[in-house]
Amino acid sequence: MPQTAKRSLGVVLLLFAAGSLVALAVKDRGGAGGGAARGVMAARQSDRSNPSDQSDKPAPNANRHLVVYYFHGNFRCPTCNTIERLSRETIEKEFSQDLRAGRVMFQAVNTDEPDNRHFVQDYLLFAQSLVLVEYVDDKQTRWENRKRIWELVHDEPAFRKYVRDGVRAFLKGEQS
Amino acid sequence: MEAVPLAGALWLGVLTSISPCPLASNVAAISFVARDLTQPRRVLLSGLLYTLGRTVAYVALTGLLVFGLLSIPAVSNFLQQHLNQVLGPILIVAGVVLLELVPIRLPSSGRLGEAVQGRVERWGLVAAGLLGFLFALAFCPVSAALFFGSLIPLSLNHTPHLLYPVLYGIGTAVPVIVIAAGLSTGASAVGKWLQQLGRVEAVARTVTGLLFVGVGLYYVLAHTLEVI
Numbered sequence: 001m002p003q004t005a006k007r008s009l010g011v012v013l014l015l016f017a018a019g020s021l022v023a024l025a026v027k028d029r030g031g032a033g034g035g036a037a038r039g040v041m042a043a044r045q046s047d048r049s050n051p052s053d054q055s056d057k058p059a060p061n062a063n064r065h066l067v068v069y070y071f072h073g074n075f076r077c078p079t080c081n082t083i084e085r086l087s088r089e090t091i092e093k094e095f096s097q098d099l100r101a102g103r104v105m106f107q108a109v110n111t112d113e114p115d116n117r118h119f120v121q122d123y124l125l126f127a128q129s130l131v132l133v134e135y136v137d138d139k140q141t142r143w144e145n146r147k148r149i150w151e152l153v154h155d156e157p158a159f160r161k162y163v164r165d166g167v168r169a170f171l172k173g174e175q176s
Numbered sequence: 177m178e179a180v181p182l183a184g185a186l187w188l189g190v191l192t193s194i195s196p197c198p199l200a201s202n203v204a205a206i207s208f209v210a211r212d213l214t215q216p217r218r219v220l221l222s223g224l225l226y227t228l229g230r231t232v233a234y235v236a237l238t239g240l241l242v243f244g245l246l247s248i249p250a251v252s253n254f255l256q257q258h259l260n261q262v263l264g265p266i267l268i269v270a271g272v273v274l275l276e277l278v279p280i281r282l283p284s285s286g287r288l289g290e291a292v293q294g295r296v297e298r299w300g301l302v303a304a305g306l307l308g309f310l311f312a313l314a315f316c317p318v319s320a321a322l323f324f325g326s327l328i329p330l331s332l333n334h335t336p337h338l339l340y341p342v343l344y345g346i347g348t349a350v351p352v353i354v355i356a357a358g359l360s361t362g363a364s365a366v367g368k369w370l371q372q373l374g375r376v377e378a379v380a381r382t383v384t385g386l387l388f389v390g391v392g393l394y395y396v397l398a399h400t401l402e403v404i
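Residue numbers (the numbering used here), protein chains in the order written: chain F, 1 to 176; chain V, 177 to 404.
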């Protein structure tokens, strides 16, 4: 390659690297000021009790339902997509009646969106996570992070069983 | 000290490095560690320093978390988001330097030239360590889940707390070192032939530089600009 072409390519790459950092700074500044619109989930979360205030058992005959949250960021890795797909499929297959009756819901939430960032602290998230949250009369009463999903994701039957057992236990009012 | 948790820490490290999400950084690391194809001893030294860099990063992080100086969600999310965002531009700049696209003039003859050459070689080894340190902290979702969700609890519940991240760090570097060493051994025949043509160093450096630019572009598009 001629020397001038090499030098031009180098300059273009260096400018691209510098430009990406400038774009990042601009985007971060824009993101910090955003967040006027609040989604359904954010609205739901805004009136819930502190996640650390957990009671052991739900009140009998209460208006109770379970939300299975899959929390992810903007960056979606292949393993993360598999976890979401397997979790969603398991809920839809094993709890179809509960889904129709509104006793169970599955929600994928992007925690990189400003309105959803509070979930990171609420549920002490350190990675993409599957969190079971119980609501009684629209107040959060219990939650559990199913942390073993990352160990089991490459063993599909074990993964599905782990998700299914966790949701069943939660629906029965047990903490697994 | 129990053997099972210790083996578990090592296995978690291996599991981290063979999962698909750190694949791009592993490819860059392999090419960098193995760039002196015809000098297996130098490849090994480079690999050891890469391992050391990774291990230092994990030990420091574990120390800060185990002794309660930082919170797991805050650190995990900060590193996953911000380090990956700056890693792309850093790799592109390193690739440009490796490809010598922008001239960096160094004295090439005499005593000063030899001293500079020696320094460049030493810096190559230091860079392997820095690369390990940087790649270790650039957590992706899988490595964050395994490190913060599995290794840190293991470290918290067993003593000596800091032995576990050492084994984890070694585990994360093992596949990179094994592949780099394999490439170095396997390519020695070809390397010798290329060396006769006086091109081996240039070819290895070009491949490494191209991979750095390619991986850097991927990181910029995926993490910095978030367009893929």
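If you're looking for bench data, these hints aren't it; they were derived computationally from the structure.
Incorrect hints may have been included.
Which stretches of chain V does chain F cover? Using the computed rule of at least three CB atoms under 8 Å from a CB of chain F, they are [unchecked claim]: (1) 205-216; (2) 231-238; (3) 254-263; (4) 308-320; (5) 323-336; (6) 352-358.
The C-beta atom is built at its ideal place from N, Cα and C for all residues, glycine as well.
Taking each numbered hint in turn, which are not upheld by the structure, reported in ascending numerical order? 1, 2, 6
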